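Each chain, letter by letter, is given below.
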Amino acid sequence: TPETAGTTPTAPATPQPAGGTENTAAPASVPEELVIGFEADAATMLANTDVNYVTDIQIRNIYDPLIDRDAKGALIPVLATEWKNIDPLTWEFKLRQGVKFTNGEPFNAEAVKFNIDYILDEKNNSFYRSRWKDVKEVKVIDDQTVQVITSQPFPTLLLRIADDLLIMAPKHTKEVGLEKAATDPVGTGAYKFDKWTRDDSLKLVANEEYWQGAPSIKRVTFRIIPEFSARLSAFLGGEIHLFKNVPVDSVERVKSSENGKIELVGSSRINYLALNTFYEGPLKDKRVRQALNYAIDVDELLKSVLNGNGTKMTGPLSKVNADYTETKDYGYDPDKAVALLKEAGIDPKTLKLTLDTPNGRYPMDTHVAQAIASQLQRIGIQVTVQANEWGNHLAKIRQHEMKDMFILGWGPAFDAQGTIENLFTEKAPYSGFYDKDVEAMIQKALPIFDPAERKKAFDELQHRLVEEAAWVPLWQQGDLYAVAKNLQFAPRPDEKFLVFEMKWGQ
Amino acid sequence: MGNRSPILEVRQLQTHFRSGHGVVKAVNGVDLTVYAGETVGLVGESGCGKSVTSLSVMGLLPKPAAAIVGGTIHFAGRDITHLPEKQMRKLRGNEMSMIFQEPMTSLNPVFTIGQQMAEPLRQHTSLTKRQIREKMVEMLQSVGIPRAGQIIDEYPHQLSGGMRQRVMISLAMLCQPKLLIADEPTTALDVTIQAQILQLMKEIKQKQQMAMLLITHDLGVVAEMCDRVVVMYGGQVVESAEVRTIFDQPRHPYTQGLLASMPNANERKGELKAIPGSVPRPDEVGQGCTFAPRCSQAMERCRHDRPPLVALPRQSCRCWLYAGEEETALEEVAHAT
Amino acid sequence: MNQSTLTEAAVNPRPAPLSRKREPAWRTYMRRLVKSPTGLAGFLIIFVVVILGIFGPWLAPYDPNQAEFAKKLLPPLTDGHLLGTDQLGRDIFSRLIHGTSVSLIIGSCTVLFAGLIGTILGVVAGYFRGWADIIIMRIVDVKLSFPFILLVLVINAVIGAGLQNIIISLVFAGWIVYARVVRSEVLALREKEFILSCVATGVPRWEIIVKHIVPNLFTPIIVLSSLQIATYIIAEASISFLGFGVQPPQPAWGNMLSEGKDYIFSAWWLITFPGVAIVMTALGVNLFGDWLRDVLDPELKGH
Amino acid sequence: MLDYVIKRTGQVVVVLFLALTAVFFIIRLSGDPTALFLPPDAPREQLEQFRKQLGFDRPLHVQYTEFMTKAVQGDFGTSLRTREDALQMVINRIPATFQLAFTSLGLSLLIAIPIGIQSAYRRNTWFDQAGVAATVLGQALPSFWLGLILIYLFAVQLQWLPTGGGGSLVHLILPALTLAAYSVARFARFTRSTMLDVLRKDYIRTAKASGVPTYKILSVYALKNTLIPIITLVALDLGVLLGGAVIVEVVFSWPGMGRLLMQSLLNRDFPVVMAGVFLIAFIYAVINFVVDLLYAYVNPQIRFK
Amino acid sequence: MRPEPLLEVKHLKKYYELKKGWFSPKQQVKAVDDVSFTVYRGETYGLVGESGCGKSTTGRAILRLQEANAGEIWFAGENVARLPYERMRRLRRRMQMVFQDPYASLNPKKTILQILTEPLRVHGLYSPDERVKKASEILKIVGLSDYHLHSYPHEFSGGQRQRIGIAKAVILQPDLIVADEPVSALDVSIQSQVINLLLQLQREFHLTYIFISHDLGVVRHITDRVGVMYLGKLVEQAQTEKLFQEPKHPYTQALLSAVPITHPDDTRERIILSGDVPSPLDPPQGCTFHPRCPACMEVCRTEKPPVVDLGEHIVACHLYV
Ligand SMILES: Nc1ncnc2c1ncn2[C@@H]1O[C@H](COP(=O)(O)OP(=O)(O)OP(=O)(O)O)[C@@H](O)[C@H]1O
Ligand SMILES: Nc1ncnc2c1ncn2[C@@H]1O[C@H](COP(=O)(O)OP(=O)(O)OP(=O)(O)O)[C@@H](O)[C@H]1O
Ligand SMILES: [Mg+2]
Ligand SMILES: [Mg+2]
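Residue numbers (this note's numbering), protein chains in the order written: chain A, 267 to 772; chain B, 6 to 342; chain C, 771 to 1073; chain D, 898 to 1202; chain E, 41 to 361.
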C-alpha cells in the first residue's frame, strides 16, 4: 500500500494544538512541566542510529520525520508534503517550505540527503543500515525536492522513512562532530534540547517557533525510573504525570487514585507463542502444532491474565495491520487437541514440552507462560517454563538454541512484509517456523508491486500460515498508560510519546 | 608497731562469680589488714583468689559476673564495700592505686604515655595542662626513666617491658596514694629487670610513707620486700605472720610444703620435696579443709570440718593441727582474724 | 558478606571446668539454649522452617502450581485461602510452604559447597603459604572487585536460569568468605604449640592437616555457616529480583517476592508473606548463629 | 614507605590484570552482543559485518591481546550502545555512586557504633538483646523489599520524600537508608563483639584503676581500639557499596555505577562492562590503600615500626 | 672420662626477617647468632638467658621446627640441618620436644589415647593393640592412670597436661629431649612434681636433655652444664656448679646476683644492671652487652669479644683475653 497515503494531504491529521492563546486559558494549577516516567534511557541523542524504541520515543520530540502515521497507521505527511514513485527504482519527495531547525539552519533537500547518507555510511555504524541497504543514492533535485534511487524495487521504502528516518540539522552535526551532537541534538521538532543526565532525566523545552505552532506544554522531562513499582509510586505521589506499560493488575489502583486515569490503545505490537520447528521435537509435526492451537484458550488468557487488555488474534497479522485478512480461528477445543495428538501417535500424558519466556519484556509475559503451561496441563501435557533474561532469550532464538516453544512479541507491525518476511523465512529465526513451500510463497510475494496482486499474495500466505499452525497467535498487545487526570493524552498504536500532541486540561 | 592505724581492713570477704556452670566462690572468707606504711605480701598459687581479692578492694570486679556477697572492706576507716561507682572512682588512682602483672598489656596501645598518665591527675586534681605535664615528667624521672619529656609523647609499644612497668608504677604513684596494690608486678619481667624494679619499689616505699599490698607467688620476692605475709589457698587465708616467722617457722602444711619445694632448699639433682596433687578449682572445693586432699598430715576431721583461723603466737594459721594451741593473740593478729 | 565478624570465633582452647560426672555435650547445650531467649527463639524458628521444608508437600492445602484464574488475587482469609491467592489464582500459603524447601536447599547446598571449596583453599593458603597463598589471596581480591551480578549473568548464560544457577553463583561468590576465615584460622593454628608438637613427633604433613588442623576448624566454620545460610536465603530474593531466580512456576520465597513486587500497591499480601518468611528465617538463623558463636567461643564461656 | 607503595602497586596491577582477564573471557561466555543492538530484521550479513567491526570474528587470543594492549593505555573502546568512551561513561557515574556509598556508610556508622558500644557494655541486658534482634532484622530484610516499603511509606503515603532519582540531598535519604540497613547490622554486631573483647583487656582495667569515668572509657579509651578492626570491615563493605548497590540503585532510580554496569551487562555492552570492572577494581584497590594509611594513623604500632 | 657427644651444634644462625609496619623497611632479628655447643649423652644441658635472647629459637632449630639460616647440627652422625624432609621425619623418633605451655601444646580435639599413640603410629611402631598398652604404661610412669586414656586435654590440670606432654615425648624412647621452659607455666607447688618426673625419667631411660629455662633456681637444680645466652649469642658455658659459684662473664654475674633471696635475712651483693635488654633488631656494636656492663672497657665498644676457653669454662668476654 505504499502509494495510498498519497499525494494529497498538506496538513497533518494529528490534532492541531491551538497555539499561544491556549496558554492563557489554562488553569493556574497546571504544572509547569510535564514529567514522563520512562523505564530506560536513550542510548544517544543522535537520530537514525540506535534502533531501540526507548531512544526513538524520546528523540522524536526533538526531530521530525518526513512521514508519520495517523492513529490507524496510515501514512501522513510531516516534513515531506508529497511523494511519488517515478519508476520502481526512483522515489521523489516534495519537502515542506519554510521549516527551520532550532538553530536557525533551514530545512531542505540537503538535510534529507545528509540524514539518509548518514544511515548508509558504514563509518557511522548505524544499526538501521541493513534496512536501507537497497538505497543507492539520494539526489537533490532542488531545495524542496529530493529523489531516492534504489538499487532494486523497494516497496517498503515509505515505511522505512516513516518508522526510521528522523531529520538532524546537517550543518550543526557536521560542525560540532558526531560525538558532541550525540549530547547536543538539533532538529526541527516541537521541543528543543535542554539537559540530559544519563539514566536520570532528559529535559526539553518548547520550540516556540515550531512550524506547526508553539507547543502547549512548555517543558518536558523524561525521568528514567527502571522499576515499575517505583514508577507507580512516583505517579501516585504526583512526581510524574504519565507512564506506559501499567501492569494489568495495577490498572484499578491507578484508576482509584485521586488524580490518575488509564488510557488504553491497541498497539501494533503482536504477541505470539512460537512453535519451534528448528528444534528436533514433536512440534515438527503439523498435527501437534494444530493440537496446541486447540489446547490453548487465548480468550481465557486474555480475560484472566491480561484482564482483557489486548485484542485476540487468529493469524499472523493483527487487525491494525494494513494487510490483515480474516483467517480461521482454531478456538478452544481440548478434545480435538487430544484427538490430533493421538493421530500423531503421541499420548498427551507423556508429552513433555519446554516453554521459554522473556522476563518482563511484554505485559505479564512470565505469567502468560505459566498460564499456558497450566492450560496445557489440563490435557496432560507437562510444560517446563523457563524465564530468560532478555538478552539470553534473543540470543537463544537467534542461535537456534530454543527448544519446543517460546513467547515473543513483534512490532511495530503495520504491514505484511515487515512481519511475514522477517518472521517466516528461513533466515528469520523469530517465529521458529520454517517451511519450504511457505518460503517460496513469500519470495514470490515480495517483489510484487501491484497493490491488489500483492494483497492477494499476502492474504493467501496468511491462510496458509494458519493452516500450517505456524504459531499460536495470541493477541495484539494492549498498551496501558497511566495519565494524570488533567493531562490530555491520546495514546498511539506506535507507542510514541509526542508531547506536541498533549496538553493540560481535563 | 603499737599505734599504727590500719589503712585497709578486709573482713570475711566473699566474692563470687556467677557463670554458666554455677557459682564460683573465688574468694571465700578472706581476712586481711594492711597498716599504714607497711608492706604486706599476699602469696598463693594461681587461681587461689589473690587478684580477685585485690579487685574487690579496688571495686574493679567484672560486673555483673562478680559480686561481693559477704564481708566488709574498710579503707582508711571508711566502709567501701558497696560504695557507689561514682565515689569509688574518686578513690581509685587517688588514695589507692594498683599496678598490674602484665606491663605489656596494661597500657592502652593506641594512646601515648602522656595521655594515659594525665588521666588520674585530670580526674583527681585541678591542675592545668602545663602543671600536669610537669608533674608527669617529674614522676617519670623519679622512677628512673631517662628522656622523660620525650617518652610522654611516645606509645607503649615503643618502650621495653621494664620501662612500661616503670610507667605503670609512676601512673599509680601520681596522686600519692595511701595504699598501693601491686599484683605480681615483676612476674612478667626478666630477672635482671625484676631486680631493678624491686629495688625501685623499695626506694619509693621508703620515701613515701605508703602502705603496699604486694601480690606474688614468688617467695623470694616476699622475702625481699615484705614486712608481713598472708598466704592464701583456695579462696581463703591459710596463714599469716611476720615475714621472718613465715620463713623460719611455717605452721601451715601448705606453707611448709611451698618452702620445702624451692629447689635451693634441696640437694642438687635430688628429688624435690613436692606437694602431691594439684590446686583445686574453686568450683570443686568441698567441705572440710581446702588443702586436705593434698596434705600429708591430714586427719579425718580435716575432710569434714573447715578449720578456723587459729591465732598462734606471732602468727595465725587455718589448720586443725593447731586447734588446741590457741594462745592470746597479738594485737595485729587479732586484726587479721 | 559478613566474614570479619566471624574471625573472632578464632579460639584458643581454654579448659572447661572439670565436672564430676560428665554430662553429654548435647544436654549441656540444650540446657544453655533454654536459658537464652534469643537463642531459643532462633532455634524454634529454624525447627519450624525445617519441618515445613521437609513435610511441606504433605502440609500444603493446595497444589502450589495450579492456576485458578477465577480466583486470582484473593485477599487473605477468603475462600479457604489462608494467605490469599496470587496473580494466577494460586494459593499463597501452599506456595510459601513449598518454597521453604527451595530456600533451605539453596541455603544448605551453598553453605556446603562454598564451605568445602573455601575451606580447602583456605587451608592450602594458610598452611603452605608461599605461592599457593599469594595466588589464592589474589584470586580472592579479584573476586572482591567483581560485581556479583556479572557472575550471575554469565552463569545464567552458560547453564541457564534456575536453582542450580543460583547455587553455583552463590558458591562462586561465597567461597571467599570461607577461604579468608579459614586461612587466618590456619595461620594462627599452625603456630600453635600442639601443631609444632606434631611436627616434632614426626607426623606427616597431610596428616597434620587432616587430623589436627581441620578438626580445629570445625567450630569457626560451623559458626560462620550458621550465619551465612541466612545471607544466601536472602540472596535468592535479590537474584530473583534481577530476573535470574528459581524458574516459575516452581515457588521459592525469593521469586514469589520479586513476582509480587509489582503488586505492592494493589495486592500487598503477595509481597508481604514471602517477605515475612524470609525475614523470620533469616532472623532465626542469625539469632541461633549468634548464640552458637557465644556458646562455642570458650573465651566467653562461663562469663 | 616507598617499598610499601611499590609492593602495593604491584599487587594492584596483578589484581587488575587478573580481573580484566577473567572478565574478558567470562563475558564472552555470556553471549553475542550483536543480536541486541541491530534491529531484529537485520540480515545475517549485517550481523557478520558488525561482528567483524567489533573484531569478534578473530581468534580469542588475538582479541585478548589487543584488548589488553589498549586497556593498558586506558582505552577500553567506545560503548556499543551509546558510542561514548566507555571508561568516561563509567567515570561519569562516580559522583553519584560515591554520594550514595559514603552517605549510607556514614549513616550506618553513626547508628551502628553507639548501638554496638552500648550493647557490649550492657551485655545480656534487654538493651543488648533488643539491639541484637533489631540489627539482625536489618540484615534479614531483602533490600528491594525494604526499599519499596520505604518508598510506599515516605514517598507515597506521607509524601515527605521523593520516590527516587538523582540530584539533591533529599533524594539521597531513602536509598542511603535502605543501603545502610544492612551495614548497620554488620557494623553494630561487629562493634559489639570487638568492644566486648576490648573491654576485657588489661588496659581498660588500668584506666578504671586511674579513676576514669565509664562514659569516657567507652567513648575514648575503648572506642579507639575498637575502631581499628572496624576499619577493615568498612573497607570491605565500601567495595560492595560501590559496585554492588545495583538493586537499591534500580529501585530508587539512582544513576550509579552498579546500575550502569548491570544495564551494560544486560545489553552486552562489553566495553562498558570492562571499563566498569576495571574502575571498580581500581577504586577498591585505592580504598584498600587508604585503609592501610588510616590503619597506620589510628594504630601507632604500625605507624612507628 | 668424657661420655660421647650426642649432639653438636656448630655456628648455628637463625635470622628472622621482620616487617612490623607497612611503611618500614625490612629488618633482621638475629635471634640466634653463631651459637656452638656440644651436648653429651646422658647429661642435662641448660640454656639460660633473658627473654628474647634466642633460647627457644635454638631449641627449635635443633629439631628443625624452624629452619636455621646457617650452621650444622650433628646428631647421631648426621647433619640434621641438611636432611631431606622424609628422613628428618623419621629421625624425629630420636629427638623430641617438651613445650612450655601445657594448655596450648595438646590438641584439644584428641583424646589422651590418640595423643599418646600417634607418635608410635606415625613411626610405624608396634601393633595397634600394643600401642594402647604402651600408652597406658607410659601414663602410669608419668603418674596418671588408664582411667584417663579416653579423656580430653581440657579435663586435666596444667600439671597433668605437662605430664601428658612429657609422656608424648618420652613414649618414643628418644635419645634427646629438648625441654623448652617445661615448668615455667606451672604453679609453684606443681613445678617440683614435674621436675621430679623429668629427673626420674632421665634416670630410667637414659635421656639427654636440653633444658631451657629462665628460672635459675631450677636450672641449678637440674642441669649438669649450662650455657648462658645474651642477645642471640652464647656468652658463657660451664659446669653448673662452677658457673653458679664462679661466674666469669659480667652478665652472668649480674644475672646470678639478681635471683631473689630465699630468706629475709639473706643479704646479697646485688649487681643492678642499668638499662634494658637492647632490642635484637638493633644490637649494639662490639660486645652486645657493653652498654649495660659494669666492667665495660674501651675495646668492648668496638670489638666483638673472642671466645675464651678457661678449661671447661668458656666465656666470650674481653676481660679474659
Ligand atoms: N571473670 C571471671 N569469671 C569467672 N571466674 C573467675 C573470673 N576471674 C577469676 N575467676 C576465678 O576466680 C578464681 C580466683 O582468681 P584470681 O584471678 O584471683 O587468682 P590469682 O590468685 O590472682 O591467680 P594468678 O596467680 O593466676 O593471677 C580463679 O579460680 C578463677 O577461676
Ligand atoms: N617467628 C618469629 N618471627 C620473628 N621474630 C621472632 C620469631 N620468633 C622469635 N623471634 C624473635 O627472635 C628472638 C629470640 O626469640 P626466642 O623465642 O628464641 O627467645 P627466648 O630466649 O626463647 O625468649 P623467651 O624467654 O621469651 O621465650 C626474639 O627477639 C624474638 O622477638
Ligand atoms: Mg592474679
Ligand atoms: Mg622461649
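A hint or two may mislead.
[As the list claims (entries may be wrong)] Simulated restraints, written as ranges between beta carbons of each label pair: (1) LYS278/B / ASP186/E: 25 to 31 angstroms; (2) LYS278/B / PHE817/C: 27 to 33 angstroms; (3) SER1116/D / GLU298/A: 37 to 43 angstroms.
[Stated by the list, open to error] In silico DSBU-like cross-links for lysine-lysine, where the CA-CA straight-line distance does not exceed 30 angstroms: (4) LYS344/E / LYS981/C; (5) LYS366/A / LYS762/A; (6) LYS967/D / LYS140/B; (7) LYS366/A / LYS446/A; (8) LYS967/D / LYS207/B; (9) LYS578/A / LYS913/C; (10) LYS618/A / LYS594/A; (11) LYS446/A / LYS949/D; (12) LYS1098/D / LYS149/E; (13) LYS53/E / LYS282/E; (14) LYS913/C / LYS1098/D; (15) LYS389/A / LYS338/A; (16) LYS585/A / LYS618/A; (17) LYS981/C / LYS615/A; (18) LYS841/C / LYS569/A; (19) LYS210/B / LYS1098/D; (20) LYS949/D / LYS389/A; (21) LYS282/E / LYS180/E; (22) LYS904/D / LYS95/B; (23) LYS174/E / LYS904/D; (24) LYS150/E / LYS173/E; (25) LYS389/A / LYS615/A; (26) LYS338/A / LYS585/A; (27) LYS134/B / LYS68/B; (28) LYS1098/D / LYS693/A; (29) LYS949/D / LYS134/B; (30) LYS389/A / LYS379/A; (31) LYS95/B / LYS274/B; (32) LYS1113/D / LYS91/B; (33) LYS389/A / LYS458/A; (34) LYS70/E / LYS274/B; (35) LYS594/A / LYS552/A; (36) LYS550/A / LYS484/A; (37) LYS521/A / LYS484/A; (38) LYS68/B / LYS1121/D; (39) LYS389/A / LYS552/A.
In case anyone wonders, no lab produced these hints; they're calculated from the structure.
None of the values given here were measured: they were computed from a predicted structure.
All residues carry an ideal CB built from backbone N, CA and C; glycine is no exception.
Tested hints:
{"no.": "1", "hint": "LYS278/B / ASP186/E: 25 to 31 angstroms", "result": "holds, 28 angstroms"}
{"no.": "2", "hint": "LYS278/B / PHE817/C: 27 to 33 angstroms", "result": "violated, 59 angstroms"}
{"no.": "3", "hint": "SER1116/D / GLU298/A: 37 to 43 angstroms", "result": "violated, 50 angstroms"}
{"no.": "4", "hint": "LYS344/E / LYS981/C", "result": "violated, 48 angstroms"}
{"no.": "5", "hint": "LYS366/A / LYS762/A", "result": "holds, 23 angstroms"}
{"no.": "6", "hint": "LYS967/D / LYS140/B", "result": "violated, 66 angstroms"}
{"no.": "7", "hint": "LYS366/A / LYS446/A", "result": "holds, 21 angstroms"}
{"no.": "8", "hint": "LYS967/D / LYS207/B", "result": "violated, 75 angstroms"}
{"no.": "9", "hint": "LYS578/A / LYS913/C", "result": "violated, 50 angstroms"}
{"no.": "10", "hint": "LYS618/A / LYS594/A", "result": "holds, 28 angstroms"}
{"no.": "11", "hint": "LYS446/A / LYS949/D", "result": "holds, 26 angstroms"}
{"no.": "12", "hint": "LYS1098/D / LYS149/E", "result": "holds, 28 angstroms"}
{"no.": "13", "hint": "LYS53/E / LYS282/E", "result": "holds, 28 angstroms"}
{"no.": "14", "hint": "LYS913/C / LYS1098/D", "result": "violated, 36 angstroms"}
{"no.": "15", "hint": "LYS389/A / LYS338/A", "result": "violated, 37 angstroms"}
{"no.": "16", "hint": "LYS585/A / LYS618/A", "result": "violated, 34 angstroms"}
{"no.": "17", "hint": "LYS981/C / LYS615/A", "result": "violated, 55 angstroms"}
{"no.": "18", "hint": "LYS841/C / LYS569/A", "result": "holds, 13 angstroms"}
{"no.": "19", "hint": "LYS210/B / LYS1098/D", "result": "holds, 29 angstroms"}
{"no.": "20", "hint": "LYS949/D / LYS389/A", "result": "holds, 13 angstroms"}
{"no.": "21", "hint": "LYS282/E / LYS180/E", "result": "violated, 37 angstroms"}
{"no.": "22", "hint": "LYS904/D / LYS95/B", "result": "violated, 52 angstroms"}
{"no.": "23", "hint": "LYS174/E / LYS904/D", "result": "violated, 54 angstroms"}
{"no.": "24", "hint": "LYS150/E / LYS173/E", "result": "holds, 18 angstroms"}
{"no.": "25", "hint": "LYS389/A / LYS615/A", "result": "violated, 56 angstroms"}
{"no.": "26", "hint": "LYS338/A / LYS585/A", "result": "holds, 10 angstroms"}
{"no.": "27", "hint": "LYS134/B / LYS68/B", "result": "violated, 33 angstroms"}
{"no.": "28", "hint": "LYS1098/D / LYS693/A", "result": "violated, 76 angstroms"}
{"no.": "29", "hint": "LYS949/D / LYS134/B", "result": "violated, 76 angstroms"}
{"no.": "30", "hint": "LYS389/A / LYS379/A", "result": "holds, 16 angstroms"}
{"no.": "31", "hint": "LYS95/B / LYS274/B", "result": "violated, 54 angstroms"}
{"no.": "32", "hint": "LYS1113/D / LYS91/B", "result": "holds, 13 angstroms"}
{"no.": "33", "hint": "LYS389/A / LYS458/A", "result": "holds, 27 angstroms"}
{"no.": "34", "hint": "LYS70/E / LYS274/B", "result": "violated, 34 angstroms"}
{"no.": "35", "hint": "LYS594/A / LYS552/A", "result": "holds, 16 angstroms"}
{"no.": "36", "hint": "LYS550/A / LYS484/A", "result": "violated, 57 angstroms"}
{"no.": "37", "hint": "LYS521/A / LYS484/A", "result": "holds, 27 angstroms"}
{"no.": "38", "hint": "LYS68/B / LYS1121/D", "result": "holds, 22 angstroms"}
{"no.": "39", "hint": "LYS389/A / LYS552/A", "result": "violated, 46 angstroms"}
Hint compliance for this structure: hints 2, 3, 4, 6, 8, 9, 14, 15, 16, 17, 21, 22, 23, 25, 27, 28, 29, 31, 34, 36, 39 are not met, and every other hint is.
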